[in-house]
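A.B. asks: One line per chain: the protein sequences are A and B, in this order. First residue of the first sequence: 1, per this note's numbering; consecutive thereafter. First residue of the second sequence: 107, per this note's numbering; consecutive thereafter.
Think of the hints as simulated: they come from the structure by calculation, not from any bench. Hints may be right or wrong, so weigh each one.
To be verified - Below are the BS3-like pairs computed for lysine-lysine, each with C-alpha atoms no more than 25 Å apart in a straight line:
1) B:K258 with A:K99
2) A:K73 with B:K134
3) B:K600 with B:K576
4) B:K258 with A:K73
5) B:K395 with A:K99
6) B:K197 with B:K172
7) B:K258 with B:K134
8) B:K346 with A:K99
9) B:K172 with A:K73
10) B:K206 with A:K73
11) B:K206 with A:K99
12) A:K73 with B:K320
13) A:K99 with B:K197
What the hints assert, rightly or not - Here are some chain A residues the structure puts well away from chain B; computed CB gaps all over 12 Å:
14) N28
15) E32
16) H36
17) H44
18) E46
All C-beta atoms, glycine included, are put in the ideal place defined by N, C-alpha and C.
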Amino acid sequence: MLALYAMSRITREDVERTADLARLSLSNDEIESMTHDLGQILDHVEQLQALDTQGIEPTAHAIPLATPLRADKASPGIDPDLALANAPSSDAYAFVVPKVIEAEEG
Amino acid sequence: MSEEERMSDNPLDRYEPVIGLEVHTHLKTESKLFSPAPVRYGGAPNHDVHPIDLGMPGVLPVLNEKVIGLAIRLGLATHSTVNTRSVFARKNYFYPDLPKGYQISQYEEPVVSNGWIEVEVPVKGSGKKRGAETVTKRIGVTRAHLEEDAGKSIHDVALSGSEGTHIDLNRAGVPLLEIVSEPDLRSAAEASAYLRALRSILRYIEVSDADMEKGQFRCDANVSLRPWGRSQFGTRTEIKNLNSFANVEGAIEAEIVRQSEILDDGGEIQQATMGFDVERRKTRVLRLKENADDYRYFDDPDLIPLMIDEELIEAIRADLPELPEQKRERFEQEYGLAGETTAILVASRRLADFFEHCARACNAPKAAANWIARDLRQELNERNLEVDETRLEPDALASLIRLVEEGRLTTKNARELLPELVEEGGDPQAMMEERGLEAVSDTGMIDEWVTAVISGNAAAVESVRGGDDKPLNFLMGQVMKAAGGKAAPGEVRKRLMEMIRGDG
Numbered sequence: 001m002l003a004l005y006a007m008s009r010i011t012r013e014d015v016e017r018t019a020d021l022a023r024l025s026l027s028n029d030e031i032e033s034m035t036h037d038l039g040q041i042l043d044h045v046e047q048l049q050a051l052d053t054q055g056i057e058p059t060a061h062a063i064p065l066a067t068p069l070r071a072d073k074a075s076p077g078i079d080p081d082l083a084l085a086n087a088p089s090s091d092a093y094a095f096v097v098p099k100v101i102e103a104e105e106g
Numbered sequence: 107m108s109e110e111e112r113m114s115d116n117p118l119d120r121y122e123p124v125i126g127l128e129v130h131t132h133l134k135t136e137s138k139l140f141s142p143a144p145v146r147y148g149g150a151p152n153h154d155v156h157p158i159d160l161g162m163p164g165v166l167p168v169l170n171e172k173v174i175g176l177a178i179r180l181g182l183a184t185h186s187t188v189n190t191r192s193v194f195a196r197k198n199y200f201y202p203d204l205p206k207g208y209q210i211s212q213y214e215e216p217v218v219s220n221g222w223i224e225v226e227v228p229v230k231g232s233g234k235k236r237g238a239e240t241v242t243k244r245i246g247v248t249r250a251h252l253e254e255d256a257g258k259s260i261h262d263v264a265l266s267g268s269e270g271t272h273i274d275l276n277r278a279g280v281p282l283l284e285i286v287s288e289p290d291l292r293s294a295a296e297a298s299a300y301l302r303a304l305r306s307i308l309r310y311i312e313v314s315d316a317d318m319e320k321g322q323f324r325c326d327a328n329v330s331l332r333p334w335g336r337s338q339f340g341t342r343t344e345i346k347n348l349n350s351f352a353n354v355e356g357a358i359e360a361e362i363v364r365q366s367e368i369l370d371d372g373g374e375i376q377q378a379t380m381g382f383d384v385e386r387r388k389t390r391v392l393r394l395k396e397n398a399d400d401y402r403y404f405d406d407p408d409l410i411p412l413m414i415d416e417e418l419i420e421a422i423r424a425d426l427p428e429l430p431e432q433k434r435e436r437f438e439q440e441y442g443l444a445g446e447t448t449a450i451l452v453a454s455r456r457l458a459d460f461f462e463h464c465a466r467a468c469n470a471p472k473a474a475a476n477w478i479a480r481d482l483r484q485e486l487n488e489r490n491l492e493v494d495e496t497r498l499e500p501d502a503l504a505s506l507i508r509l510v511e512e513g514r515l516t517t518k519n520a521r522e523l524l525p526e527l528v529e530e531g532g533d534p535q536a537m538m539e540e541r542g543l544e545a546v547s548d549t550g551m552i553d554e555w556v557t558a559v560i561s562g563n564a565a566a567v568e569s570v571r572g573g574d575d576k577p578l579n580f581l582m583g584q585v586m587k588a589a590g591g592k593a594a595p596g597e598v599r600k601r602l603m604e605m606i607r608g609d610g
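Please take these sequences and the hints and turn them into a complete structure.
C.D. replies: And the structure:
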């Protein structure tokens, strides 16, 4: 899990790194205020951690439902022209993006 | 030790490779993991996409029911624990072919964990040649988790036809199982054997077609080296996107060389993601891994944990087909088969079924095994066909084998009928009779041919009389030629020997 969950206080470096991972460009002032605000959120979570949760199953979801499922039936995709309608650039039904130099698949 | 291993510049003299594989296999479904768009291959770009696959605002994923059964089958077939509770998580990263900015995967609680499969691996030093000695090795399966595939990026202008990177999202959302092995593999050949065994299992249990050419079965390899005798692992690198058995082996071998050169120079291996350059047969660093938190996984709030009933698991267990290893053992016991022939037969369920049908029909299981694993498989490979995609019925092959076993058809003539049976089908006995191929075992006819050959080849006959058996094959060939290939070879050899030695 992310380092910021484990610490009560967040550093400027944590904010810079998280912003970088999220592809956010923050000004110096924004980094300052984010560091402060995120620190306060973590302080609040720390208060909750004072509660004894021993033996209580973690809640993954607030609604106690069985997993909703869908039968494996295919239906046609949407109109490809519609799929591409908002694309800034397309060619032969492909989305076109600026050349990606290095193949960095996840 | 093979000759290769004796050479002092072989890195394997100094280091033991430690290899683990991550396999991505497409699941056999009609529709995607979380959307109803069809799963197809080779369609026009972005024609098989649903707003869910496009990551449109406001959409919600709904799990495809079929993948649960498929994941359970994989879990049971790999002696794994099928977890009654598993959780979908978001793996966050940015790439143009990932529209949502995250991939829905499973992280801390995968659907399948802690199993193993048995793999026939080459005995060390026995080389890569065909028929190399093998031993059964148990390879751990750490986990298998469900996830969606990303779209496809086409970087090559020659393929896309214009500048820029082209993105096709038909593949986005296709259901996958990522199957992670323990670092139990110790060579490129073992890695390849594990992959083949895993692919064979996936096909047997009909979880995946696992066709590498269609990108349905892809592999990442984690490779590290350590000095022989050390128990601690070295730093590993991960080679991404290997899409053929040859590339898996080639990439691992190249990475072993690269790492050993760094270690020999006293350097340290840096944890990195590697690519394999197929043309140059070399691995290269794509990016360094700074730390494992890059993906900022968290439970996906759009999806409720996946709960699986024990009853469903047991129902699927009862329905599981015989697996390759079980089949192999049974074939060895029931039909007295052994070695590579059995391995070839059981690698494909369709071939194994064909064999059993044929073996029962001709009542000559060993002959059937040899015919299918050698002659027939060669015909199939040449045509790139599966056995049930040809016109050849198992009963027809059984009939062909019977004709050979009874001495009515020579093996040579039987082999010549095989391609036509594969292409056109037909009844071997009728074909044999129509073309007058029936072997002549009439001793009167054979004696005539033999006598003629003996009198026409005095020098060769003298050599044989003098104790040199070498010209015998030549004389055999002459008799068969005279007989138009139809003489029963056993009988010819017998009469030839008797008449040359003068006791016939």
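A.B. asks: Please go over all the hints and tell whether each is borne out by the structure.
C.D. replies: To see whether the hints hold, each was checked on the structure:
1. B:K258 with A:K99: 14 Å, holds
2. A:K73 with B:K134: 12 Å, holds
3. B:K600 with B:K576: The given pair, whose Cα atoms are some 16 Å apart, holds under the 25 Å limit.
4. B:K258 with A:K73: 23 Å, holds
5. B:K395 with A:K99: Roughly 23 Å between the alpha carbons, so the hint for K395 (chain B) and K99 (chain A) holds.
6. B:K197 with B:K172: 23 Å, holds
7. B:K258 with B:K134: 19 Å, holds
8. B:K346 with A:K99: Holds: K346 (chain B) and K99 (chain A) sit about 20 Å apart, inside 25 Å.
9. B:K172 with A:K73: Answer holds: K172 (chain B) to K73 (chain A) is near 10 Å, not above 25 Å.
10. B:K206 with A:K73: 23 Å, holds
11. B:K206 with A:K99: 20 Å, holds
12. A:K73 with B:K320: Holds: K73 (chain A) and K320 (chain B) sit about 22 Å apart, inside 25 Å.
13. A:K99 with B:K197: 24 Å, holds
14. N28: The claim holds: N28 (chain A) sits with its nearest Cβ about 24 Å from chain B, beyond 12 Å.
15. E32: About 22 Å separates E32 (chain A) from the closest Cβ of chain B, which puts it past 12 Å; holds.
16. H36: 21 Å, holds
17. H44: Holds, because the least Cβ-Cβ distance between H44 (chain A) and chain B comes to about 18 Å, which exceeds 12 Å.
18. E46: 19 Å, holds
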